[in-house]
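We have chain A; now place chain B onto it with these hints.
So the protein sequences, as listed, match chains A and B. All residue numbers for the first sequence refer to our numbering, where the first residue is 1 and numbers rise by one. All residue numbers for the second sequence refer to our numbering, where the first residue is 373 and numbers rise by one.
For the record, the hints were derived by calculation from the structure and aren't laboratory data. None of the values given here were measured: they were computed from a predicted structure. There could be a bad hint or two in this list.
[What the hints assert, rightly or not] Computed cross-link-like contacts, SDA-like style, restricted to lysine to any residue with a CA-CA straight-line distance of at most 20 Å: (1) B/K383 - A/T307; (2) B/K383 - A/G306; (3) A/K29 - A/K257; (4) B/K383 - A/T305; (5) A/K129 - A/A42; (6) A/K129 - A/T67; (7) B/K383 - A/A308; (8) B/K383 - A/S324; (9) A/K336 - B/G412; (10) A/K336 - A/T307; (11) A/K120 - A/G176; (12) A/K336 - B/A410; (13) A/K120 - A/E164; (14) B/K383 - A/A331; (15) A/K336 - B/A411; (16) B/K383 - A/K120.
[Stated by the list, open to error] Under 7 Å between C-beta atoms, here's a sample of chain A residues computed to sit facing chain B: (17) T282; (18) S284; (19) S291; (20) E295; (21) S301; (22) T304; (23) L328.
Don't be surprised by glycine CBs; every beta carbon is placed ideally from N, CA and C.
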Amino acid sequence: MSKAAELAALIGSGQAQGDRNLIINGAQKVSQRGTSFTGQGANGSAFFTDRWYCFSGGSSAGRFTATQETITDLAGFTSALKLDCTTADTSIGADEQLSLIQSIEAQNLQSLGFGTSGAKPLVFSFYAKANANKTYVAELYKNDTTLSSQSHTFAVTTSWQRFEIPINNTNASSIGTIVNDNGVGFYWLINLHAGSNLTSGTINSTWLAATQANRMPGCGSFFSSTDNTFFMTGASLEIGEVATPFEHEDIGTTLAKCLRYYYRIGGASAYHRYGVGSCQGTNSCGTVIYSPVGEMRDVPSLETTGTASDYGIYEADGVNACTSIPALNSAGTNSKQFNTTFTSSGNLASGNAAEALANNNADAFLAFKAES
Amino acid sequence: MFTPATITNAKYGLDPITGENTCINCAFNGSHLSVPLAAGNTEYIEIMRQVAAGELTIADAD
Chain A
1 MSKAAELAAL
11 IGSGQAQGDR
21 NLIINGAQKV
31 SQRGTSFTGQ
41 GANGSAFFTD
51 RWYCFSGGSS
61 AGRFTATQET
71 ITDLAGFTSA
81 LKLDCTTADT
91 SIGADEQLSL
101 IQSIEAQNLQ
111 SLGFGTSGAK
121 PLVFSFYAKA
131 NANKTYVAEL
141 YKNDTTLSSQ
151 SHTFAVTTSW
161 QRFEIPINNT
171 NASSIGTIVN
181 DNGVGFYWLI
191 NLHAGSNLTS
201 GTINSTWLAA
211 TQANRMPGCG
221 SFFSSTDNTF
231 FMTGASLEIG
241 EVATPFEHED
251 IGTTLAKCLR
261 YYYRIGGASA
271 YHRYGVGSCQ
281 GTNSCGTVIY
291 SPVGEMRDVP
301 SLETTGTASD
311 YGIYEADGVN
321 ACTSIPALNS
331 AGTNSKQFNT
341 TFTSSGNLAS
351 GNAAEALANN
361 NADAFLAFKA
371 ES
Chain B
373 MFTPATITNA
383 KYGLDPITGE
393 NTCINCAFNG
403 SHLSVPLAAG
413 NTEYIEIMRQ
423 VAAGELTIAD
433 AD
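Same shape as in the complex, but just chain A (with noise of 0.2 Å):
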């Protein structure tokens, strides 16, 4: 093929136009929660850097620290994601799981095509290196209609090694459409520690029912040592049958993708103002704060830190502390707007102005959440 016709071939493909990359926050540079995340690995879910989270499955003793890490061994690289096992799990339940996670908005992936004929090949790629060889399992988890899942295995060492997986694009037409919509259209995984459930079959290689236990086979485990590390970056999701070069974006394109699914303010003075607002009665204050973005992926909840008392009410000259954790009011908020409670004891002058602030907390901090 001569080099004008590969050109055309990459741009028919989609593959040569930017915004390409599925994933947001691939390069781990946005991380609004913090920067160090200890006593990870209980049940649930739990988010690090920007759209990034693990799920804990199965009550697994193991424990973990997650941090976002300066890097300097990686060329345009500057963060990583790094897990760092603090309490070793050797005896793995059959229902344990450990995955980091990122969602995909559904309405993000109407152009793949999924369900029809004109289904689109996708390449998953990213960066990784350990404390030590060990083999995982990165998994593309099809969210809406049909359950689907693809797994494949891939081996970490010491060094970074850049990942690509073409995702099969057999049965990409068969397994249904992804609906359009703001909900979850696929799973970005990288399964790290998985127990019998979840491995105990043949892995899916293309295409096919996520049955549970076809998804991870050939997984090793992240918390089989205190010494096991797992470094991630340049995570990407893309249109193609061949890996592009990592797409990096201007900060701020990639603040402004994240700010969409959490958004946090305050958490950086004692006295943080977080926005104006006017006197309901004797007891709170109302205050709207809008969305920097514009709308939010859906009508958010609303996450605090510490007590009460660390949230106060500036009225008359005077701070009046919170009596109540501040809360979220359901009348009049939506994804673009998001009207907040704060409530003291009895000494605010109904129709005044006031500001809803920390209370000589440098760490309280108000985050509006919609995460999928």
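Just chain B, lined up with the frame of chain A:
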């Protein structure tokens, strides 16, 4: 795909103007959340799933 979230201390919160239930305050996987009564909210969906399954009770507001 995933096992249920750990939800504790679920309790309704009131709108200070109308006095009606307006949110559910709870510890959700260890984080303190105020969850809107909104059908598309991820945490609200999980709370209502657990309530329907008889696994969770939401206390009345004070």
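Checked hints:
1. Straight-line distance between C-alpha atoms of B/K383 and A/T307 comes to about 16 Å, which keeps the hinted pair within the 20 Å bound.
2. For the suggested pair B/K383 and A/G306, the alpha carbons sit about 18 Å apart, so the restraint of at most 20 Å is met.
3. For the given pair, A/K29 sits about 12 Å from A/K257 by alpha-carbon distance, which is consistent with the 20 Å threshold.
4. Straight-line distance between C-alpha atoms of B/K383 and A/T305 comes to about 17 Å, which keeps the hinted pair within the 20 Å bound.
5. With a CA separation close to 24 Å, the supplied pair A/K129 and A/A42 exceeds the 20 Å bound.
6. Restraint check for A/K129 and A/T67: satisfied, since their Cα atoms lie roughly 15 Å apart, inside the 20 Å limit.
7. For a cut-off of 20 Å, the pair hint linking B/K383 to A/A308 stands: about 15 Å separates their Cα positions.
8. Only pairs whose Cα atoms come within 20 Å are accepted, and B/K383 paired with A/S324 is accepted, the gap being roughly 12 Å.
9. Distance check on the hinted pair: A/K336 and B/G412 sit about 14 Å apart at the alpha-carbon level, within 20 Å; holds.
10. A threshold of 20 Å between alpha carbons decides the hint, and for A/K336 with A/T307 the separation of about 27 Å lies outside it, so the pair is violated.
11. A hinted pair counts as satisfied when its Cα atoms are at most 20 Å apart, and A/K120 with A/G176 qualifies at roughly 13 Å.
12. Under the criterion of a C-alpha separation no larger than 20 Å, the hint pairing A/K336 with B/A410 is consistent with the structure, at around 13 Å.
13. A C-alpha spacing of about 17 Å is found between A/K120 and A/E164, which places the hinted pair at or below 20 Å, so the restraint holds.
14. Straight-line distance between C-alpha atoms of B/K383 and A/A331 comes to about 17 Å, which keeps the hinted pair within the 20 Å bound.
15. Annotation: proposed proximity of A/K336 to B/A411 holds, straight-line Cα distance about 16 Å (limit 20 Å).
16. Among the hinted pairs, B/K383 with A/K120 is inconsistent with the structure: their alpha-carbon atoms are about 46 Å apart, more than 20 Å.
17. Below 7 Å, beta-carbon pairs count as interface contacts, and A/T282 has none with chain B, the closest being about 10 Å; its hint is therefore violated.
18. Hint on A/S284 holds. Least Cβ distance to chain B is approximately 4 Å, under the 7 Å limit.
19. About 14 Å separates the beta-carbon of A/S291 from the nearest beta-carbon of chain B, more than 7 Å, and the hint is not met.
20. The interface hint given for A/E295 is violated, since its Cβ lies 12 Å from the closest Cβ of chain B, which is over the 7 Å cut-off.
21. Against a cut-off of 7 Å between C-beta atoms, the interface hint on A/S301 holds, since the closest Cβ of chain B lies about 5 Å away.
22. Satisfaction of the interface hint for A/T304 is found here, the shortest Cβ-Cβ separation to chain B being roughly 5 Å, below the 7 Å cut-off.
23. The beta carbon of A/L328 is positioned within 7 Å of a beta carbon in chain B (closest approach about 4 Å), and the interface hint is therefore held.
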